[in-house]
Amino acid sequence: MVLSHGVSGSDDSVHSTFASRYVRTSLPRFRMPEQSIPKEAAYQIINDELMLDGNPRLNLASFVTTWMEPECDKLIQASVNKNYVDMDEYPVTTELQNRCVNMIAHLFNAPLGDSETAVGVGTVGSSEAIMLAGLAFKRRWQNKMKAAGKPCDKPNIVTGANVQVCWEKFARYFEVELKEVKLSDGYYVMDPAKAVDLVDENTICVAAILGSTLNGEFEDVKLLNDLLAEKNAKTGWDTAIHVDAASGGFIAPFLYPELEWDFRLPLVKSINVSGHKYGLVYAGIGWCIWRSKEDLPEELIFHINYLGADQPTFTLNFSKGSSQVIAQYYQLIRLGFEGYKNIMENCQENAMVLKRGLEKTGRFNIVSKDNGVPLVAFSLKDSSRHNEFEISDFLRRFGWIVPAYTMPPDAQHVTVLRVVIREDFSRTLAERLVLDIEKVMHELDALPARVANGDSATAAAAASEREMAKQREVISLWKRAVLAKKKTNGVC
Amino acid sequence: MVLSKAVSETDMSVHSTFASRYVRSSLPRYRMPENSIPKEAAYQIINDELMLDGNPRLNLASFVTTWMEPECDKLIMAAINKNYVDMDEYPVTTELQNRCVNMIAHLFHAPLGESETAVGVGTVGSSEAIMLAGLAFKRRWQNKRRAEGKPFDKPNIITGANVQVCWEKFAKYFEVELKEVKLRDGYYVMDPEKAVDMVDENTICVAAILGSTLNGEFEDVKLLNDLLEKKNSETGWETPIHVDAASGGFIAPFLYPELEWDFRLPWVKSINVSGHKYGLVYAGIGWCIWRNKEDLPEELIFHINYLGADQPTFTLNFSKGSSQVIAQYYQLIRHGFEGYRNIMENCHENAMVLKEGLEKTGRFSIVSKDEGVPLVAFSLKDRSRHDEFEISDMLRRFGWIVPAYTMPPDAQHVTVLRVVIREEFSRTLAERLVLDIEKVMYQLDALPSKLMPPTLPAPLLAATKIAVKRTELETQRSVTEAWKKFVLAKRTNGVC
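In order, the protein sequences belong to chains A and B.
Heads up, the first sequence is in the numbering used here, so the first residue is 1 and it goes up one at a time.
Heads up, the second sequence is in the numbering used here, so the first residue is 1001 and it goes up one at a time.
Hints are computed from structural coordinates only; laboratory data are not their basis.
A portion of the hints provided could be inaccurate.
So the derived label-pair ranges between C-beta atoms look like this [stated by the list, open to error]:
#, chain 1, residue 1, chain 2, residue 2, range
1, B, Y1256, A, R432, 41 to 51 Å
2, B, E1371, A, R396, 19 to 29 Å
3, A, K74, B, A1019, 17 to 27 Å
4, A, Q77, B, R1031, 21 to 31 Å
5, B, E1238, A, N109, 51 to 61 Å
6, A, K144, B, L1435, 56 to 66 Å
7, A, Q77, B, K1293, 48 to 58 Å
8, B, D1048, A, R432, 34 to 44 Å
9, B, A1019, A, K439, 48 to 58 Å
10, A, K150, B, H1109, 42 to 52 Å
11, A, S16, B, A1078, 50 to 60 Å
12, A, K144, B, P1312, 35 to 45 Å
13, A, K74, B, Y1256, 33 to 43 Å
When the alpha-carbon atoms are kept at most 30 Å apart in a straight line, the in silico DSSO-like pairs for lysine-lysine are as follows [stated by the list, open to error]:
#, chain 1, residue 1, chain 2, residue 2
14, B, K1074, B, K1144
15, B, K1182, B, K1154
16, A, K150, A, K341
17, B, K1369, B, K1222
18, B, K1039, A, K74
19, A, K154, B, K1154
20, A, K179, B, K1222
21, A, K150, B, K1194
22, A, K146, B, K1039
23, B, K1360, B, K1439
Residues of chain B placed beyond 12 Å of chain A at every Cβ, according to the derived structure [as the list claims (entries may be wrong)]:
#, residue
24, A1147
25, V1353
26, E1359
27, S1426
Think of the CB as a built atom: it goes at the ideal place given N, C-alpha and C, for glycine as much as any other residue.
Produce the entire structure from the sequences given, and follow the hints as far as they go.
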């Protein structure tokens, strides 16, 4: 940073930001500064530091929408100062939420009469939606057990080990035991038979995932429903299903309309979907839909008097922005059924282009299925010299963010790289990514292996002691640097 | 709506929105439409329907920020596609959150060493912050009871009846009993003595409010601390305090720096503040700060490996936007201490202008105090003919949204109108509001009372009664009855 030569005589406000004193001092990081600074300087300093964040559009780790049409951006900007929770003051915005709930409920084949309003709510994301759904199950189960004179202090929920972290949060924060069905090599989702086996009288629900985070696979909800119905008939426990359709909820109805996973299955009592994943809205909106009023205990609902009519609310958050609700409504009416279908078909197509490109290199196994969420999860055929974490690392230098993950138990030995295909990932980008992955493989091939294999051992035996020690030190430094970038638990 | 005369031959995309067929059909409200429509039409239709929402800037009901500088709006739009939770991908945004936590912790006098990092988190709002704080208290208390071999199935929390609805949510959803200290006429916040009286061995914490929703008053946290200190030394229960500083947390440090309400008091273990109230950021950001690591049980924290370092997270929400975090940091460094103080002083000044204007009309009692959150809560001196709900209703016609509320038990007979003074409520607007309230009073004075028929002098009344036909009287009564029902139906429970 170049310091100005003299102390200028003009008023501070004349100076352009980069000529001013404001870029000479580093901003406090632990305490509020005493003085104000001009808004232009504040803008510039923050904007510039943020340049070092990743580019959201190249963040192939995320399912969350990173592009919307400019017209929608305009609506978002215009409503950024509207607090959603002021329903009395902003009745149209509230009405838009209600319309979205109804549209999504119908999309999921909720058993509604012609002008019957759906039971559902907009949330900040699927985490909040899942907590609300889980709370409803927990309360229903408690009421049932209390009525039967049985203990209700040990509720549990059955899921696959592939669940997203928010289920673990729900379990921990709401004091419900999480019973996980372990995965196995080659089978990376919840096995319905094993799940139903784990169900006992304290099970508040079984949670199935439509669009597993790790490899995009849809769990077989129909099979789960049928097996659970059988067990319920024997036990009389009435255990129900929640479908975590965070990703899949806005894919299956358009790409796989015949697939029965939603309210068409009688034991499915609630479904959550992320508006901000394939609902095609920016981060900050999810939806939870219940089958019917009976599935949402009245005692959990808070009633607000809104325009003389009752507006029931069931959310964890209170004040929040209105922009994403409006944006979701925009997408639903702008695109309609045909628009969403076209987009999902494009995503699917581009996922296949990427998959074929990777297969053609001959270096990768494809771990994801063709059906499911449009993503490609792949691992190295040969990870003896280099592993997937190194590929992920090298790709960053090209600007791509492609995460590498290890599978949960019992498949921890499997590591995958995962590319999520979002609406804005065009074919051009898919082809470029393949090219860049090939470049990375080429570079890695030229580098020494990170782990000593048979050949290295033979070579090292012939080399002197000092050379061997030096090589080990270099390798371990490199390994530490790369492994330090490894993502551990928080898969999202 | 005028229908076009002929079916045009030109391609649909040529037509301007209002010339096209898209404004002729009504959009489905229960089901997704089958077909797509052009983006311009979608934009226009939605934009137009939203014109019928209230104007956020004239929404005097809300504490939540409704204006920010254009430079900040730019930063907000640029970050709109950034998912905050991707910490590994957006390390600078994460760093900005950490800086905000530290700055706010220091603002609240958290007992931190020179380069010790504060314990805190950014949330979507004070609701989430309060649930996290409550969860921490609940878990600490459970662990303590378990270690003592005592039952831990009946936790309770003590608050005033003036608490915001999110405390009731916390209690209901996390299965904690809510023990409310009732209010009384003239005393609209939690009485510290009564609160400490109610503390028992199952109390996970006492929650005090800095900036009561209904009248902006600051509860006496110092007195609460001292009384609780005494009780704790007698009982050994170690009951802590949480301060809900949703509104007051960004006011007290600037207007009342001598007021001891924060971590300077030893029993205060956590504080929440809304970034989107007097933190001066749009809706969608709150902060929860803990005194130190011990006050946040490790088992509640999820660890994410971020840039090779540990990034502990404790939130209910996962994916969410990054804009408000960045906007909060912008405000903290843009304004600094002096900027916030200037803004709060202006707000206070304008609140006094409004208060004096209302007093001068001679029609109102001022229920809010001068100290506290800059707002003016007022009621009618004479409620025999019209009430505050009617004033609220009639002000809407001028564009103003001024809510009327009844106080919680045991002061339900008191109704107030409440105007919140936000950053952008200038003196000009304050003076205009007084003018419009005077207009409303004038109009109301000319209208018959909705509560009872108009009172005439006795002899005239007797004469009139005989002369007036039954049907006219009945008609008048049914009109006033209808009007009364309509206005009373607007009464809300959910004060926010």
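Against the structure, the hints:
A hinted range of 41 to 51 Å for the beta carbons of Y1256 (chain B) and R432 (chain A) is inconsistent with their spacing of about 58 Å. Evaluation of the 19 to 29 Å hint for E1371 (chain B) and R396 (chain A) yields a failure: the beta carbon distance comes to about 54 Å. Between K74 (chain A) and A1019 (chain B) the C-beta distance comes to about 21 Å, which sits within the given range of 17 to 27 Å. Distance hint check: the CB atoms of Q77 (chain A) and R1031 (chain B) are about 29 Å apart, consistent with the given range 21 to 31 Å.
Checked against the hint of 51 to 61 Å, the C-beta distance between E1238 (chain B) and N109 (chain A) comes to roughly 53 Å, which is consistent with it. Between K144 (chain A) and L1435 (chain B) the Cβ separation comes to about 60 Å, which falls inside the hinted range of 56 to 66 Å. At roughly 40 Å, the beta-carbon separation of Q77 (chain A) and K1293 (chain B) lies outside the given 48 to 58 Å, and the hint is violated. For D1048 (chain B) paired with R432 (chain A), a C-beta distance near 41 Å keeps the hint of 34 to 44 Å intact.
Taking the beta carbon of each, A1019 (chain B) and K439 (chain A) are about 52 Å apart, inside 48 to 58 Å as hinted. For K150 (chain A) and H1109 (chain B), the Cβ-Cβ distance of about 50 Å falls inside the hinted range of 42 to 52 Å, so the restraint holds. Range check, S16 (chain A) to A1078 (chain B): about 20 Å between beta-carbon atoms, so the 50 to 60 Å window is missed. For the hinted restraint 35 to 45 Å between K144 (chain A) and P1312 (chain B), the CB-CB distance of approximately 37 Å keeps it satisfied.
Distance hint check for K74 (chain A) and Y1256 (chain B): the Cβ-Cβ separation is about 41 Å, which falls inside the suggested range of 33 to 43 Å. Note on K1074 (chain B) and K1144 (chain B): the hinted pairing is violated, with a Cα-Cα distance of about 49 Å set against a maximum of 30 Å. For a cut-off of 30 Å, the pair hint linking K1182 (chain B) to K1154 (chain B) stands: about 21 Å separates their Cα positions. As the CA atoms of K150 (chain A) and K341 (chain A) are separated by approximately 48 Å, the hinted pair breaks the 30 Å bound.
Restraint check for K1369 (chain B) and K1222 (chain B): the C-alpha separation of about 18 Å stays at or below 30 Å, so the hint holds. A distance of roughly 11 Å separates the Cα atoms of K1039 (chain B) and K74 (chain A); the hinted pair therefore holds under the 30 Å criterion. Restraint check for K154 (chain A) and K1154 (chain B): satisfied, since their Cα atoms lie roughly 15 Å apart, inside the 30 Å limit. About 46 Å separates the Cα atoms of K179 (chain A) and K1222 (chain B), which puts this hinted pair outside 30 Å; it is violated.
Between K150 (chain A) and K1194 (chain B) the alpha-carbon distance is near 38 Å, which puts this suggested pair outside the 30 Å criterion. Taking the CA atoms of K146 (chain A) and K1039 (chain B), the gap is near 53 Å; set against the 30 Å cutoff, the hint is violated. Using a Cα cut-off of 30 Å, the hinted pair K1360 (chain B) and K1439 (chain B) holds, with the two alpha carbons roughly 14 Å apart. Every Cβ of chain A is farther than 12 Å from the Cβ of A1147 (chain B); the closest lies at roughly 18 Å, confirming the non-interface assignment.
Distance check for V1353 (chain B) against chain A: the nearest CB is about 24 Å away, which clears 12 Å, and the non-interface claim stands. Listed as outside the interface, E1359 (chain B) is consistent with that label: its C-beta sits roughly 27 Å from the nearest C-beta of chain A, beyond the 12 Å cut-off. Under the 12 Å C-beta cut-off, the non-interface status given to S1426 (chain B) relative to chain A holds; the minimum distance is some 16 Å.
In summary, the numbered hints that this structure violates are 1, 2, 7, 11, 14, 16, 20, 21 and 22.
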